[in-house]
Amino acid sequence: MSNSLAPKDAIQDLTVAAGEPWLGKLVCGQTLRIVDLEGNQAVDTLFYNAHDCEEHYSCCDTIRGSGNLYLTSGVTLLSNLGAPMLTITEDTCGRHDTLGGACSAESNTVRYALEKRHMHSCRDNFLMALAQNDVGIEKRDLASNINFFMNVPVTSDGGLTFADGISAAGRYVQMRAEMDVLVLISNCPQLNNPCNAYNPTPIQLLIWAAG
Amino acid sequence: MNGPMSSPTVSGAQRVIPTPGPTPPLLWNETLSAGEHWSGILRRGVSLRLTALESKTNVSALFYNFELLSERYSMADTLKAQHTAFLTKDCVCYSDMGRIMCSITADSCGWHDTFSGLSDASMVAERYGASRFQEQGNAARKNGRDSFLNELGKYGLGKRDLTANINFFSRIAVDESGALKFDTQHCRAADYVDLRFEMHTLVVLATAPHPLDTGAKYEPRPVRLEAWHSGPAPANDACRNRCSENARGFRNTEMMFLP
Numbered sequence: 000m001s002n003s004l005a006p007k008d009a010i011q012d013l014t015v016a017a018g019e020p021w022l023g024k025l026v027c028g029q030t031l032r033i034v035d036l037e038g039n040q041a042v043d044t045l046f047y048n049a050h051d052c053e054e055h056y057s058c059c060d061t062i063r064g065s066g067n068l069y070l071t072s073g074v075t076l077l078s079n080l081g082a083p084m085l086t087i088t089e090d091t092c093g094r095h096d097t098l099g100g101a102c103s104a105e106s107n108t109v110r111y112a113l114e115k116r117h118m119h120s121c122r123d124n125f126l127m128a129l130a131q132n133d134v135g136i137e138k139r140d141l142a143s144n145i146n147f148f149m150n151v152p153v154t155s156d157g158g159l160t161f162a163d164g165i166s167a168a169g170r171y172v173q174m175r176a177e178m179d180v181l182v183l184i185s186n187c188p189q190l191n192n193p194c195n196a197y198n199p200t201p202i203q204l205l206i207w208a209a210g
Numbered sequence: 000m001n002g003p004m005s006s007p008t009v010s011g012a013q014r015v016i017p018t019p020g021p022t023p024p025l026l027w028n029e030t031l032s033a034g035e036h037w038s039g040i041l042r043r044g045v046s047l048r049l050t051a052l053e054s055k056t057n058v059s060a061l062f063y064n065f066e067l068l069s070e071r072y073s074m075a076d077t078l079k080a081q082h083t084a085f086l087t088k089d090c091v092c093y094s095d096m097g098r099i100m101c102s103i104t105a106d107s108c109g110w111h112d113t114f115s116g117l118s119d120a121s122m123v124a125e126r127y128g129a130s131r132f133q134e135q136g137n138a139a140r141k142n143g144r145d146s147f148l149n150e151l152g153k154y155g156l157g158k159r160d161l162t163a164n165i166n167f168f169s170r171i172a173v174d175e176s177g178a179l180k181f182d183t184q185h186c187r188a189a190d191y192v193d194l195r196f197e198m199h200t201l202v203v204l205a206t207a208p209h210p211l212d213t214g215a216k217y218e219p220r221p222v223r224l225e226a227w228h229s230g231p232a233p234a235n236d237a238c239r240n241r242c243s244e245n246a247r248g249f250r251n252t253e254m255m256f257l258p
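If you're matching them up, the sequences are chains A and B in order.
Heads up: the first sequence runs through residues 0 to 210, numbered per numbering that gives the first Met the number 0.
Heads up: the second sequence runs through residues 0 to 258, numbered per numbering that gives the first Met the number 0.
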């Protein structure tokens, strides 16, 4: 089915510049493809039930539901109420993180240095998108997110490492909405760790109508 | 130190549990029954010991800043700052605001789960059958998510505030492919963990079984709660000095409590 999705047939085809937020909507059955245009970009992403934004993507429910820490084809993204929100239908990258969360001005001070507070961050991007779009989502709704294309392996002894990306230019991940969802993206502006290869780059979003 | 903590190599079955250190006179103590839920305010400078009274105990926990409820425990910030996927002694629990909510000052079991979430009503019904108060009274089976929702509602919080929780006393092994495996031998009777609160914290606890504990019977376990005045982290504190990240986290936290 997904092989039939050609970019020319997409109902939306847009580019999100490096370091920018994006808020959009998917109707149940529509397919979203996120393309890592230049490679090793991290795309911090949250989903909300479009009709009840108190229902949000849940990393714990998703991990437990799939029995695996990493996201890839076949994984259903579950909500905090255990409901299927989207299903990953294609993945040419192979592994996506959902433990590492979003960078923020505040966590930058902890992870790097106090003077890194002013740098652009995903949580500030999320908050800016929410402030500019009155959709009823607030800071308290910013649950732990997905980092598409980011590689955060957990070692067998429980260590957490931020490894160099396994993505590359043109790789993509594609998912079908199982309910009407709002999509909140921060195309990560982090400059202090290898999640973006220290070089934030644009991404492409393609949306196809329900098949 | 800025790498992963050493992790337990001895499975629960062989592990010897040390006697916990003496505490100052207790402020209070109580037993949280099996399969129940609890909430309370633990102020900066108070320590709380959780003691597993039986093996296979699971205690799910979430933390909120009692003075600013939108600030809450952040699994991701906790794991990233300390380069670990699990919690044990000398780890701290970060909020989403770059501050430290509590520190783990003692721990007998070496591993607490951070990413497996909660059981829910459909999971418990599917595994153990329907259960309701009318037939079973207080023995009606509870689940983690509803337990949390019950307590959160008492503070004006709700489902939107459900975020990745800690499961104390539970260990999930992860292999190279990322596959999860529940360690059925991990927690032993008398295992304990001490949490020292670094800010005024709303603590929500639930003793429903771990969601990956697929035992044949619904067997939640009780936990003993004991609280005492410990004071906040001193300068030579092991949690503060575990890594430079934690030193900055304590600095951020202490800015909130300047005289």
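Warning: the hint list may mix true and false statements.
Derived, one-sided and incomplete: chain A residues facing chain B with beta-carbon distance under 10 Å [unchecked claim]:
no., residue
1, 12
2, 68
3, 131
4, 152
Rough simulated footprint, nothing fancy, chain A against chain B, three-plus residues with beta-carbon under 8 Å [said to hold, decoys possible]:
no., region
5, 23-30
6, 46-59
7, 95-105
8, 157-170
9, 196-210
10, 247-253
Keeping only pairs whose Cα atoms sit at most 35 Å apart, straight-line, the calculated DSBU-like set for lysine-lysine is [said to hold, decoys possible]:
no., chain 1, residue 1, chain 2, residue 2
11, A, 115, B, 88
12, B, 158, A, 115
13, B, 88, B, 180
14, B, 153, B, 88
15, A, 138, B, 216
Keep in mind that the hints were calculated from the coordinates and are not lab data.
Keep in mind that this is a model prediction, so the values were computed, not measured.
A virtual CB, placed ideally from N, CA and C, is assigned to each residue, including glycine.
Status of each hint after checking the structure:
no. : hint            : result
1   : 12              : violated, 31 Å
2   : 68              : holds, 4 Å
3   : 131             : violated, 19 Å
4   : 152             : holds, 8 Å
5   : 23-30           : violated (count 0)
6   : 46-59           : violated (count 0)
7   : 95-105          : holds (count 4)
8   : 157-170         : holds (count 8)
9   : 196-210         : violated (count 1)
10  : 247-253         : holds (count 4)
11  : A:115 <-> B:88  : holds, 28 Å
12  : B:158 <-> A:115 : holds, 33 Å
13  : B:88 <-> B:180  : holds, 22 Å
14  : B:153 <-> B:88  : holds, 31 Å
15  : A:138 <-> B:216 : violated, 39 Å
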